[in-house]
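Visitor: One line per chain: the protein sequences are E and U, in this order.
Residue numbering for the first sequence follows the numbering used here, starting at 1 and increasing by one per position.
Residue numbering for the second sequence follows the numbering used here, starting at 1 and increasing by one per position.
In case anyone wonders, no lab produced these hints; they're calculated from the structure.
Among the hints, a few may not be true.
[Claimed, not checked] Below 30 angstroms or equal to it, Euclidean Cα-Cα: the simulated DSSO-like pairs (lysine-lysine) are:
no. : chain 1 : residue 1 : chain 2 : residue 2
1   : E       : 193       : U       : 52
2   : U       : 30        : E       : 193
3   : E       : 30        : U       : 123
4   : U       : 123       : U       : 30
Note that the structure is a prediction, hence the values are computed from the model and not measured.
There are 2 protein chains.
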Amino acid sequence: MSDRARHIPEATVARLPVYLRSLAELVDDKIPTVSSERLAEMAGVNAAKVRKDLSYLGSYGTRGVGYDVEYLLFQMSRELGLTHDWPVAIVGAGNLGSALANYGGFTQRGFPVAALFDSDRAKVGQEIHGVEVHHTDDIAPLAKKLGVGIGVIATPASAAQDAADKLVAAGVGSILNFAPTVISVPEGVSLRKVDLALELQILSFYQEHRDADG
Amino acid sequence: MSDRARHIPEATVARLPVYLRSLAELVDDKIPTVSSERLAEMAGVNAAKVRKDLSYLGSYGTRGVGYDVEYLLFQMSRELGLTHDWPVAIVGAGNLGSALANYGGFTQRGFPVAALFDSDRAKVGQEIHGVEVHHTDDIAPLAKKLGVGIGVIATPASAAQDAADKLVAAGVGSILNFAPTVISVPEGVSLRKVDLALELQILSFYQEHRDADG
DNA sequence: GAACGCTAGTGCGCAAGTTCACAAGCGCAC
DNA sequence: GTGCGCTTGTGAACTTGCGCACTAGCGTTC
Ligand SMILES: NC(=O)c1ccc[n+]([C@@H]2O[C@H](COP(=O)([O-])OP(=O)(O)OC[C@H]3O[C@@H](n4cnc5c(N)ncnc54)[C@H](O)[C@@H]3O)[C@@H](O)[C@H]2O)c1
Ligand SMILES: NC(=O)c1ccc[n+]([C@@H]2O[C@H](COP(=O)([O-])OP(=O)(O)OC[C@H]3O[C@@H](n4cnc5c(N)ncnc54)[C@H](O)[C@@H]3O)[C@@H](O)[C@H]2O)c1
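Whenever a hint applies, use it, and build me the whole structure from the sequences.
Guide: Below, the structure is given as structure tokens:
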């Protein structure tokens, strides 16, 4: 791996968090080193893929031995930007937005919910899990002030694009969209989606075809 | 497209539900035909990809005109197996499991929650959104009786593999896993995951590197 | 009925991702 | 210090996916 030629493939980036979780388990179990084969088993992938993926981070393994678990965990955390917190703003303080704010798993993993936003004046001023609900008009100033880099959209589908636009205007560089609709963001802004209905429909396809063809 | 050579690529299958949603919008707006270009714009993809994807379903377009919205919607629904309901079983009746059971969006899209399962005897017998909570020991007989084809795992990570095993033993062919852990299923069983922490970590990576490199 | 405009369907080259297989190299045993 | 077993790192073949650019063909106009 040459010095600054560190363009990590998207597919690899998507797997790093899986390895990270496996490494965290190994640390808990006080296991000092791990082979690519063992890590592959834990992450549910091919061992060659693990080695190639890890090689993008640098040459952190030792031939004949494996990878030092703590060292690799640290390097990977650094690469993923997990050595510091990422305050998150949630737009849409309904069922889902509230559930996410209440879910401790986020803060625990370094993604504290810094603010909730809603367009419903009746919700503004309420507090959910210690986080105040603000009006969507205040996204830009507040998000900037709180250092929010990641926005979560939990509004109805019809309001999702508007929410995205407001987040982008506030300087948010990454968006996680839960609304079941396609939204567009300017180049340079990362966008990922979580779409349950879509996942179920994909499963439905394979289920249907297994039943019919298999 | 030859007669029975209908192996639809995975990447295409994953996009079909997106097209489906766009088509549903068009039907609502009473728009009778749509071009691949318009559909591409709605689905946020390239027009050539739309045409290639749709060609796997059959030759349903008309050159010079476009696709008949209702006809394409029907054919796609049929292909995805959405012409009938898919009863779903949820394992883990905690915060997430309850939220999913309460969320109307599932039933509405043809995935009624047929049963909830939990290992906690205190929860067994309760009713959530009209669905009774059963003990995990009863997954096999009940899932079979209710015709459950799709299982949803909403247990803590430590119990996820056990839940998956029980679902597979009950004849469930597709699993959607919300627990933040890798689980394995026998070949022939479809597995998809929804993992919020993982999504946030991926966003964190790009956010970190934009800030540092850009 | 001929010509034209428009859009589906697709062949093909390119890019990304995956996997195999092997050489490089570390550490331990003796 | 030499040799051996083990595991990494990676070149290269292969697979999958993408998108351009072209052809086929429908419908409409004159
Ligand atoms: N609840 C679930 O389990 C679940 C599951 C999957 C997907 N979803 C999706 O998540 C989204 C939210 O679901 P929900 O159940 O929380 O809905 P909800 O109706 O409970 O909440 C939506 C919230 O968004 C607010 N809102 C509306 N327009 C807004 C705007 N322009 N700007 C800011 N806020 C606005 C509303 O005031 C409301 O508080 C929906 O798109 C839904 O399809 C929800
Ligand atoms: N709540 C959220 O917003 C959220 C968000 C992302 C991910 N998750 C994940 O979803 C899962 C569930 O989260 P939650 O908040 O509902 O947790 P929870 O503790 O509220 O619920 C878990 C439920 O699973 C049951 N359970 C435990 N072991 C079981 C077993 N062996 N078989 C069947 N049931 C068993 C428990 O009795 C409990 O009812 C967790 O893995 C969590 O990480 C939750």
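Visitor: For each hint, tell me whether it holds in the structure or not.
Guide: Against the structure, the hints come out as follows:
no., hint, verdict
1, 193(E) x 52(U), "holds (24 angstroms)"
2, 30(U) x 193(E), "holds (28 angstroms)"
3, 30(E) x 123(U), "violated (35 angstroms)"
4, 123(U) x 30(U), "violated (46 angstroms)"
Checked against the numbered hints given earlier, the structure breaks hints 3, 4 and satisfies all the rest.
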